[in-house]
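S.K.: Turn these sequences into a full structure, and let the hints steer you where they fit.
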Amino acid sequence: MTSSKPIPELSGEARLAAKRRSFWRYFAAATLLAGLGGGLLGSGVALRELAGLSAWAIAAVGAASIVIWVWFSRNYLRRIDEIDLQDNLWASLVALYFFVAAAPFWLLLHEVALAPAPQLMALWWATLAVAVLAYFYRKYR
Amino acid sequence: MNNRLKVLRAERNWSQAELAGRLDVSRQAVNAIETGKHDPSLPLAFRIARLFGLSIEEIFDDQQ
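Residue numbers (this note's numbering), protein chains in the order written: chain A, 41 to 181; chain B, 13 to 76.
The set of hints was computed from the structure by calculation and includes no laboratory data.
This one's a predicted model, so the numbers in the text were calculated from it and none came from an experiment.
Mixed in with the good hints there might be a few duds.
Straight-line C-alpha distance at most 35 Å; calculated DSBU-like pairs for lysine-lysine [claimed, not checked]:
| # | chain 1 | residue 1 | chain 2 | residue 2 |
| --- | --- | --- | --- | --- |
| 1 | B | Lys49 | A | Lys179 |
| 2 | A | Lys59 | B | Lys49 |
| 3 | A | Lys179 | B | Lys18 |
| 4 | B | Lys18 | A | Lys59 |
Here are some chain B residues the structure puts well away from chain A; computed CB gaps all over 12 Å [as the list claims (entries may be wrong)]:
| # | residue |
| --- | --- |
| 5 | Arg16 |
| 6 | Gly65 |
| 7 | Asp73 |
Built from N, CA and C at the ideal position, the CB exists for glycine as well.
M.R.: Below is the structure:
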């Protein structure tokens, strides 16, 4: 027979504090995992040159990282409240529009010899920066 | 959208964090709703109405 001892009801502030602690623990663990994954991939690429590691092994680690990242993102978006979700969606949309406009514009400038060839990683970083700026603008406006 | 959330919260002596914990949202969410920066979703509006024992129309007013 199970005990029917009543569970003390927490105040809203205590519940919010517990939820925030749980969220930051989760976020820290996910960030640590992402850092480890990035480090593993980076060292894998370096090892490939040094020890002849198979390209397929590196591709497999990369694919696994993408799967974990997608899982984390889905989990993260389910944990946050609707306003944070809306901020994330707006930031993603602004970043998508930035990329859709910036990539062909850079290519156009290259075609008319006004700029060097588009750099994939430069566009990637710029898109990420735009998403982060848009997110924080919405969050703290 | 105008709303009476701040008044209802003050009547109960609740902080924004207290209300946020009871609604299972962040404190920033409560602040954004109170200041009219964000209109809550229908499920959240129902949660707010249930928490205060009022109808949605008694809390939110869509007249500008």
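S.K.: Run every hint past the structure and note whether it holds.
M.R.: Taking the hints in turn, this is what the structure says about them:
no., hint, verdict
1, B:Lys49 x A:Lys179, "holds (11 Å)"
2, A:Lys59 x B:Lys49, "holds (24 Å)"
3, A:Lys179 x B:Lys18, "holds (20 Å)"
4, B:Lys18 x A:Lys59, "holds (23 Å)"
5, Arg16, "holds (18 Å)"
6, Gly65, "holds (16 Å)"
7, Asp73, "holds (20 Å)"
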